[in-house]
Amino acid sequence: MSLLEINDLRIEYVSARGPFKAVDGVSFTIERGEIFGLAGESGCGKSTTAYGIGRLLRGPARIAGGSIRFDGTELTELSDAQFDAYRWARISIVLQSAMNNLNPVMKIKEQLIDAILAHRKATLRSDALRQAGELMELVDLPKDRLERFPHELSGGMRQRVVIAMALALRPELIIMDEPTTALDVITQKGIIDKIIELKRAFGFSVLFITHDLPLMLEICDRIGVMYAGRIAEIATRERMLAGARHPYTQGLLRSFPSLTGPRVRLEGIPGSTPDLIAPPQGCRFRERCPHALPQCGNEAPFVLEDRDGRVSCHLYAKEEAFDEAAVASP
Amino acid sequence: MKPLLQVHNVSQVYESGGLLRKGKVRAVRDVSLVLGEGEVLAVVGESGCGKSTLARMILGLLEPTAGRVEFEGRAVDRRRRGRLETAKRLQMIFQDPFETINSNQRVETVIGRPLQLHGAKGPVRERVLELLGQVGLTPAEDYIDKYPSQLSGGQKQRVMIARALGIGPRVLIADEPTSMLDVSIGIGIMNLMLDLKRDNDLSLLWITHNLGSARYMSDRIVIMFGGQIVESGPTEDVIASPGHPYTRALLHASPDPWRQKTEGEKFDDAEREESGLPESGCRFRNRCPWAREECGQNEIPLTSLDAEREVRCLFPLPSDPASSPLPHEERTVD
Numbered sequence: 001m002s003l004l005e006i007n008d009l010r011i012e013y014v015s016a017r018g019p020f021k022a023v024d025g026v027s028f029t030i031e032r033g034e035i036f037g038l039a040g041e042s043g044c045g046k047s048t049t050a051y052g053i054g055r056l057l058r059g060p061a062r063i064a065g066g067s068i069r070f071d072g073t074e075l076t077e078l079s080d081a082q083f084d085a086y087r088w089a090r091i092s093i094v095l096q097s098a099m100n101n102l103n104p105v106m107k108i109k110e111q112l113i114d115a116i117l118a119h120r121k122a123t124l125r126s127d128a129l130r131q132a133g134e135l136m137e138l139v140d141l142p143k144d145r146l147e148r149f150p151h152e153l154s155g156g157m158r159q160r161v162v163i164a165m166a167l168a169l170r171p172e173l174i175i176m177d178e179p180t181t182a183l184d185v186i187t188q189k190g191i192i193d194k195i196i197e198l199k200r201a202f203g204f205s206v207l208f209i210t211h212d213l214p215l216m217l218e219i220c221d222r223i224g225v226m227y228a229g230r231i232a233e234i235a236t237r238e239r240m241l242a243g244a245r246h247p248y249t250q251g252l253l254r255s256f257p258s259l260t261g262p263r264v265r266l267e268g269i270p271g272s273t274p275d276l277i278a279p280p281q282g283c284r285f286r287e288r289c290p291h292a293l294p295q296c297g298n299e300a301p302f303v304l305e306d307r308d309g310r311v312s313c314h315l316y317a318k319e320e321a322f323d324e325a326a327v328a329s330p
Numbered sequence: 001m002k003p004l005l006q007v008h009n010v011s012q013v014y015e016s017g018g019l020l021r022k023g024k025v026r027a028v029r030d031v032s033l034v035l036g037e038g039e040v041l042a043v044v045g046e047s048g049c050g051k052s053t054l055a056r057m058i059l060g061l062l063e064p065t066a067g068r069v070e071f072e073g074r075a076v077d078r079r080r081r082g083r084l085e086t087a088k089r090l091q092m093i094f095q096d097p098f099e100t101i102n103s104n105q106r107v108e109t110v111i112g113r114p115l116q117l118h119g120a121k122g123p124v125r126e127r128v129l130e131l132l133g134q135v136g137l138t139p140a141e142d143y144i145d146k147y148p149s150q151l152s153g154g155q156k157q158r159v160m161i162a163r164a165l166g167i168g169p170r171v172l173i174a175d176e177p178t179s180m181l182d183v184s185i186g187i188g189i190m191n192l193m194l195d196l197k198r199d200n201d202l203s204l205l206w207i208t209h210n211l212g213s214a215r216y217m218s219d220r221i222v223i224m225f226g227g228q229i230v231e232s233g234p235t236e237d238v239i240a241s242p243g244h245p246y247t248r249a250l251l252h253a254s255p256d257p258w259r260q261k262t263e264g265e266k267f268d269d270a271e272r273e274e275s276g277l278p279e280s281g282c283r284f285r286n287r288c289p290w291a292r293e294e295c296g297q298n299e300i301p302l303t304s305l306d307a308e309r310e311v312r313c314l315f316p317l318p319s320d321p322a323s324s325p326l327p328h329e330e331r332t333v334d
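Protein chains in written order, with UniProt numbering: chain D, 1 to 330; chain W, 1 to 334.
Rather than coming from a laboratory, the hints here were simulated on the basis of the structure. Any given hint might turn out to be false.
[Unchecked claim] Cut-off 25 Å, straight-line C-alpha distance, at most; resulting in silico cross-link-like pairs (DMTMM-like, lysine to aspartate or glutamate):
1) D/Lys194 x D/Asp140
2) D/Lys107 x D/Glu152
3) W/Lys22 x D/Asp140
4) W/Lys22 x W/Glu85
5) D/Lys109 x D/Glu197
6) D/Lys109 x D/Glu147
7) D/Lys107 x D/Glu77
8) D/Lys318 x D/Glu299
9) D/Lys194 x W/Glu46
10) W/Lys197 x D/Glu267
11) W/Lys2 x W/Asp237
12) W/Lys146 x D/Asp275
13) W/Lys146 x D/Glu287
14) D/Lys194 x D/Glu238
15) W/Lys24 x D/Glu299
I would like the entire structure built from these sequences, with the hints used as guidance.
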């Protein structure tokens, strides 16, 4: 059984013009010990999906349907009080801006102890302090930083504190939404390496969200690429490095200038995303797709599933009609 | 290549602190660079390296504390009467089109007003339509009467480029103009700027934290760290074999899953990151695995690696990276 099974998840934002379908039928699984990435550009629904899983949605957003099963339990059926047993203890969350959301007037020590005591009420304060020290070591922060206030630490160190907090109760799933986007690349590299190392040591799973597909390809085992509220493609890291299959993923990969190989002109993806209040029939990417077929306009995309992943695209409806070379990837 | 823009030893010192603790921040330290006609020069560095302060000084928006900027052989001086003339020739594209565009003006005014300020007589609508066409907002009639709120981020940035272009600049200075945009849109903006450069005989100063975009855009590259230039040279050469340890760190930290990975690339840890930059000697030495005692003793000058490359390092990396594995055991500076 997978640790997390998302099935046909739908999340809407209420708007004056009608429901805005930010997440519209998303399905994926995360295995134990796996780093699963959700990639996509702004507005594709990747963060909304994560917020839905972590129960961070606030009105006007609401889960309109679908299932979120965590270790066999249907999370959407739990009351808020019941979900509290999962929050931090089994599912924790690191947000992009989290490093700026530490309490500015509390020492790091107090904030870590708070996080521990809030969920393990029977813990002795002295034990919590010892645990806080251990957490600091895990993320390579010297213990004396426990006595500091957040403003005395650099952005990268504060983000390490936030990761330490997320680890405090040894959760099975950590959701990370753009955890390094606000940091410089060298700092980012240190934190990414740390996350991989900790994952190996503790075996937790990660739902890693970023718009930075090359970064995702460095860290994730499998990647789901979202477009306009739906998953266009799920692929293993190896599959995607060898060549993505969905035309959107291919376009996305061709939008990142590389540091190696010949310098070639990249074309990006002309056009803009569709209106998610009245989304178009058929494939949502077809207006921007260089390979669009007549049936893309009215039929839901063909879904091909194999051991490399899943791709939703009519190009794969007939294997023999598909010329892989014509849709080559970088 | 004929030099168009010359920056001579500029520095910028900011006063910092309040009543209790006064200090000086030397944001830019003795920076010199040349932008040739028709050239794209990338200035690359992380936040706080001084690259945006440098841009402001080049534009004449900020008076250098020391040094001077020359454009077409004449000093750029914000007090001169000729400032409007300079503004005509040097135009800036800012990072955030959402912030820099006036949301109360229609596209026609956003692009047309500077034309009038710079001497266009009578209606400018025809010229605005033409500019919209040049930046790929076609059919231009569909865009000219819109308000910014009706445009996407990428379209807004194109409007801002058209606005800068209308005045007839020789140099466009772009400070991270794609970082607020989705990548698939950002690459379109980069292509547009390269096309405009080619078709209008422009030069481009491309300021970024992203080595990938610097490689995509530029002929030559300048790497900044701690307010100083630490390395400069032809873009391909610098990226293929960085001479400065900082450039190498930046390169290895930039995500590029297709690159061959070498072992022992770890350059940074939490401790080093926090330990401020030294005021004298090599500013990178606390984070540099190759640092030796000499690195802290004197100011490190920029020295030539070859005819086109300069590096500010006493022990520049050899061009064959395999011969310089990270000497973790030999660390002398902590």
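Results of checking the hints against the structure:
1. D/Lys194 x D/Asp140: 9 Å, holds
2. D/Lys107 x D/Glu152: Holds, at about 10 Å.
3. W/Lys22 x D/Asp140: Roughly 33 Å between the alpha carbons, so the hint for W/Lys22 and D/Asp140 is violated.
4. W/Lys22 x W/Glu85: 38 Å, violated
5. D/Lys109 x D/Glu197: The given pair, whose Cα atoms are some 24 Å apart, holds under the 25 Å limit.
6. D/Lys109 x D/Glu147: 6 Å, holds
7. D/Lys107 x D/Glu77: Violated. D/Lys107 to D/Glu77 sits at ~37 Å, over the 25 Å cutoff.
8. D/Lys318 x D/Glu299: Between D/Lys318 and D/Glu299 the Cα gap is close to 15 Å, so the pair holds against 25 Å.
9. D/Lys194 x W/Glu46: 21 Å, holds
10. W/Lys197 x D/Glu267: Roughly 17 Å separates the two Cα atoms, so the pair holds.
11. W/Lys2 x W/Asp237: Distance ~22 Å between W/Lys2 and W/Asp237 Cα, so the pair holds.
12. W/Lys146 x D/Asp275: Since the Cα atoms of W/Lys146 and D/Asp275 sit roughly 19 Å apart, the hinted pair holds (cutoff 25 Å).
13. W/Lys146 x D/Glu287: Cα-Cα ~23 Å, so holds.
14. D/Lys194 x D/Glu238: 22 Å, holds
15. W/Lys24 x D/Glu299: 65 Å, violated
The structure shown violates the earlier hints numbered 3, 4, 7 and 15.
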